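Participant: Using our numbering, you'd call the opening residue of the sequence shown number 1 and step up by one each time.
What the hints contain is simulated information worked out from the structure, not anything from laboratory work.
Just so it is clear, the structure is predicted and the values come from calculations on it, not from any experiment.
Backbone N, C-alpha and C fix where the C-beta goes; we use that ideal spot for every residue, glycine too.
Certain hints may be false.
[Claimed, not checked] Distance condition first, Cα-Cα at most 30 Å in a straight line; then the derived BS3-like pairs of lysine-lysine:
id, residue 1, residue 2
1, Lys124, Lys158
2, Lys124, Lys67
3, Lys88, Lys278
4, Lys278, Lys259
5, Lys86, Lys254
6, Lys254, Lys124
7, Lys239, Lys254
8, Lys239, Lys67
9, Lys174, Lys216
10, Lys216, Lys278
11, Lys124, Lys239
[Said to hold, decoys possible] The following label-pair restraints were derived from C-beta to C-beta distances:
id, residue 1, residue 2, range
12, Gly234, Pro106, 34 to 42 Å
13, Glu81, Gln146, 38 to 46 Å
14, Glu292, Gln183, 46 to 54 Å
15, Lys216, Glu87, 24 to 32 Å
16, Lys124, Ala82, 19 to 27 Å
17, Phe165, Arg275, 18 to 26 Å
18, Asp185, Trp251, 37 to 45 Å
19, Lys278, Asn215, 33 to 41 Å
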Amino acid sequence: MSVRRSPRKNHVVVAKDEISTMSNVKRPIEQDLDKATTFIKKTKIEALKKEENPGHDLSLLHQKDIKGSPPNWNIVYDLLEALREKEKAPVDTMGCERLADATATPVVQRFQTLVSLMLSSQTKDTVTSVVVRRLQVELPGGLCLQDILNIDELTLDKMISAIGFHTKKASYLKRTAEILKDQYDGDIPDTIEGLTSLPGVGPKMGYLTLQVAWNKNVGIGVDVHVHRICNRLGWVKTKTPEETRESLQSWLPKDKWKKINPILVGYGQIVCLPRGPKCDICPVSQYCPSSEIKKKVKKTKKVESIYFKTEEL
1 MSVRRSPRKN HVVVAKDEIS TMSNVKRPIE QDLDKATTFI KKTKIEALKK
51 EENPGHDLSL LHQKDIKGSP PNWNIVYDLL EALREKEKAP VDTMGCERLA
101 DATATPVVQR FQTLVSLMLS SQTKDTVTSV VVRRLQVELP GGLCLQDILN
151 IDELTLDKMI SAIGFHTKKA SYLKRTAEIL KDQYDGDIPD TIEGLTSLPG
201 VGPKMGYLTL QVAWNKNVGI GVDVHVHRIC NRLGWVKTKT PEETRESLQS
251 WLPKDKWKKI NPILVGYGQI VCLPRGPKCD ICPVSQYCPS SEIKKKVKKT
301 KKVESIYFKT EEL
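Could you build the full structure based on these sequences and the hints that come with them?
Facilitator: Take a look at the structure:
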């Protein structure tokens with residue numbers, strides 16, 4: 001690389017003919033991301049070629065025909081799915097879909113799933129898991145509908161005191177138990193309308209409950225992680241989780257509606273943190289408009305550009 005001394009003290013200027021060469025040199029992380037993307041595309045093409053249907057359209061790899069879908073969303077999705085298969089997060093072992101007692105009856109399991117989700121809002125999975133386990137161990141029926149009907153609200157409040165907004169949630173649980181007994185024969189609703197009519201149950205809880213308890217995939221469960229990450233990735237431009245859900249459902253293939261929540265929630269727990277996201281180890285940073293790495297690179301290039309122009313004067 002050729003350099004010359006600037007008339008200004010202690011300034012060294014790189015020759016202009018070297019700039020283009022420097023810009024073409026990729027950093028190691030960019031090379032790794034390119035390799036990962038190429039591998040995923042190659043793998044998907046090979047898989048499609050092996051299918052018995054010879055008329056399979058390979059253009060589906062790029063998902064360009066999905067109206068309103070953001071560019072490269074499928075590449076980003078595949079990279080995040082691969083990351084989550086390799087790297088585990090709290091949601092994988094302590095998420096609400098994991099907390100129901102597998103030895104209980106289906107009715108009790110559905111009730112425990114609903115209770116877990118009602119307790120989970122504004123609370124970390126690790127805390128929710130501990131509180132649910134405590135209820136399952138200390139309540140006579142192992143956390144069934146009759147347990148919540150029998151326990152007084154003050155005692156229930158104390159048992160779930162580690163949960164965010166525990167006093168309000170204790171009230172929600174008591175009122176919900178009465179509704180389930182009177183209107184649903186002791187079971188939980190199997191429609192989004194029925195679930196969201198319960199005290200303290202919003203769309204996110206409703207759709208996740210339907211997916212886990214009833215195996216019904218009729219909507220995406222969007223929590224703060226999914227809402228934050230989808231906006232950071234440029235997949236949506238929304239102000240509320242409900243707006244994010246509606247936007248996602250307008251273009252995301254339905255077979256991914258159930259998977260998207262645990263993928264993004266776990267990714268948000270270990271990489272794309274609310275504060276101080278780990279963009280330096282993120283596999284999709286080159287596709288993310290919010291990436292801190294991109295911002296640093298742009299800032300550096302801008303400073304270099306201004307400096308060169310100044311030297312030419």
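Participant: All the hints need checking, so say for each whether the structure fits it.
Facilitator: Here's how the hints hold up against the structure:
1. The straight-line distance between the Cα atoms of Lys124 and Lys158 is roughly 18 Å, inside the 30 Å bound, and the hint therefore holds.
2. Distance hint between Lys124 and Lys67 is unfulfilled; the C-alpha atoms sit about 36 Å from each other, more than 30 Å.
3. Between the alpha carbons of Lys88 and Lys278 the distance comes to roughly 16 Å, so the proposed pair stays at or under 30 Å and holds.
4. Between the alpha carbons of Lys278 and Lys259 the distance comes to roughly 22 Å, so the proposed pair stays at or under 30 Å and holds.
5. Distance hint between Lys86 and Lys254 is fulfilled; the C-alpha atoms sit about 24 Å from each other, no more than 30 Å.
6. Among the hinted pairs, Lys254 with Lys124 is consistent with the structure: their alpha-carbon atoms are about 28 Å apart, no more than 30 Å.
7. With a C-alpha separation of about 23 Å, the suggested pairing of Lys239 with Lys254 holds against the 30 Å cut-off.
8. For the proposed pair Lys239 and Lys67, the alpha carbon gap of about 21 Å is at most 30 Å, so the pair holds.
9. With a C-alpha separation of about 26 Å, the suggested pair Lys174 and Lys216 falls inside the 30 Å cut-off, and the hint holds.
10. Straight-line distance between C-alpha atoms of Lys216 and Lys278 comes to about 34 Å, which puts the hinted pair past the 30 Å bound.
11. Distance check on the hinted pair: Lys124 and Lys239 sit about 22 Å apart at the alpha-carbon level, within 30 Å; holds.
12. As the Cβ distance of Gly234 to Pro106 is approximately 41 Å, the hint placing it in 34 to 42 Å holds.
13. Evaluation of the 38 to 46 Å hint for Glu81 and Gln146 yields a pass: the beta carbon distance comes to about 41 Å.
14. Range check, Glu292 to Gln183: Cβ separation about 50 Å, and the 46 to 54 Å hint holds.
15. Checking the proposed 24 to 32 Å range against Lys216 and Glu87 shows it holds: the Cβ atoms sit about 29 Å from each other.
16. A C-beta distance of roughly 25 Å is found between Lys124 and Ala82, which places it inside the suggested range of 19 to 27 Å.
17. A hinted range of 18 to 26 Å for the beta carbons of Phe165 and Arg275 is consistent with their spacing of about 22 Å.
18. Against the hinted window of 37 to 45 Å, the Cβ-Cβ separation of Asp185 and Trp251 comes to about 39 Å, which satisfies the hint.
19. Between Lys278 and Asn215 the C-beta distance comes to about 34 Å, which sits within the given range of 33 to 41 Å.
In terms of the numbered hints stated before, the structure departs from hints 2, 10, listed from lowest to highest.
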